[in-house]
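> The residues making up each chain are set out below.
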Amino acid sequence: MDALKQQIRELMVAELMLPMSPDEIATDTPIFSPQGLALDSVDALQLVVALEKKFGLKLADAEAARTTLHSVDTIANAISSRVTT
Amino acid sequence: MPRQILITGANGGLGLAIANAFLTESPENHLWLGVRSNRDAATALAATSPDRIHLLDLDVTSSASWESAITTVTTASSSLDVLVNNAGHHQDSLLATMSDEAWHGVLDTALTGVFLGCRAVTRLMMSQRNGRIINISSLSALLAPAGQANYAAAKAGVLGLTQSFSKEVARAGVTVNSICPGYIDTPALADMNPEQRQIALSRVPMRRFGKPDEIASAVVFLASPAAAYITGSTLKIDGGLF
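Going line by line, the protein sequences match chains A and S. Counting with my numbering, you get residues 1 to 85 for the letters of the first sequence. Counting with my numbering, you get residues 1 to 242 for the letters of the second sequence.
Keep in mind that the hints were calculated from the coordinates and are not lab data. C-beta atoms are modelled at their ideal positions from N, C-alpha and C, and glycine is treated no differently.
Here are some chain S residues pointing at chain A (derived, C-beta under 8 Å):
#1 R123
#2 M126
#3 S127
#4 E168
#5 R171
#6 A172
Simulated pairs of lysine-lysine, BS3-like, Cα-Cα distance not exceeding 27 Å:
#7 S:K167 / A:K54
#8 S:K167 / A:K58
#9 S:K167 / S:K236
#10 A:K53 / S:K167
#11 A:K53 / A:K5
#12 S:K211 / S:K236
Please work from the sequences and hints to get the whole structure.
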């Protein structure tokens with residue numbers, strides 16, 4: 001699971017061109033909250049496309065996206081549960 | 001490297017000129033011509049180069065039709081590099097007497113069709129981290145004449161859509177631009193009577209109508225690597241009319 005979370009953080013930094021290293025993103029940091037990474041809806045779209053391409057993660061609707069994209073932890077949970085089910 | 005290029009409204013004068021320009025630009029350009037009921041001219045063009053030109057059944061007003069068309073393209077080629085949203089039609093009348101059907105019909109094709117096309121290719125092009133979308137608007141979007149409330153509103157909507165959408169996909173390497181042709185010598189212009197043509201001509205500082213090739217060359221440019229930093233732009237091509 002830690003390896004998966006590291007992959008997600010690396011993907012976020014690379015795809016969203018974040019000005020930080022992957023290790024600076026705590027896995028429970030809220031991705032879109034102003035108190036967290038403060039990413040915007042354009043970043044969200046890009047993240048959705050990147051997660052689908054790399055991990056085959058498909059988010060059914062906006063509510064699923066909101067829940068799943070909360071943090072690196074929630075993204076990792078969604079990917080691993082998709083793989084194991 | 002081969003490029004896959006989808007052109008809607010490909011049976012019209014402008015669509016055919018755009019298709020021919022891409023064919024001339026590179027032997028590696030592969031064309032997908034979106035056509036609906038009228039397809040004679042596009043079929044004839046496809047027959048000249050069947051290995052590079054494919055006809056696509058496409059109702060631009062239907063999201064299901066778009067989905068099917070994009071699946072057809074990506075199944076055959078796994079990518080789509082350029083989308084030219086060119087489909088549209090006039091149904092002119094004064095607003096006071098404009099029918100609901102005339103309003104919705106023009107809006108559906110010229111504006112909703114562009115929205116559905118852009119949406120249909122968004123994830124694919126973002127995933128490729130490469131894509132060019134060129135939306136054919138009209139000078140009517142900037143300089144709306146009487147009798148075209150539906151067409152002018154639709155084409156102005158295309159400019160707003162282009163600007164907004166371009167910001168959403170810019171980081172993913174996808175560019176979105178609009179072209180506003182003025183009076184272009186296509187079969188659509190031939191519908192004018194001689195007096196209307198003369199009045200139109202007198203308004204154009206260059207004193208001539210544009211040629212379809214002069215729009216097509218701009219489309220090819222916006223789809224080229226040379227235009228990589230141009231996005232959200234509106235390019236008017238009108239002989240100085242506006």
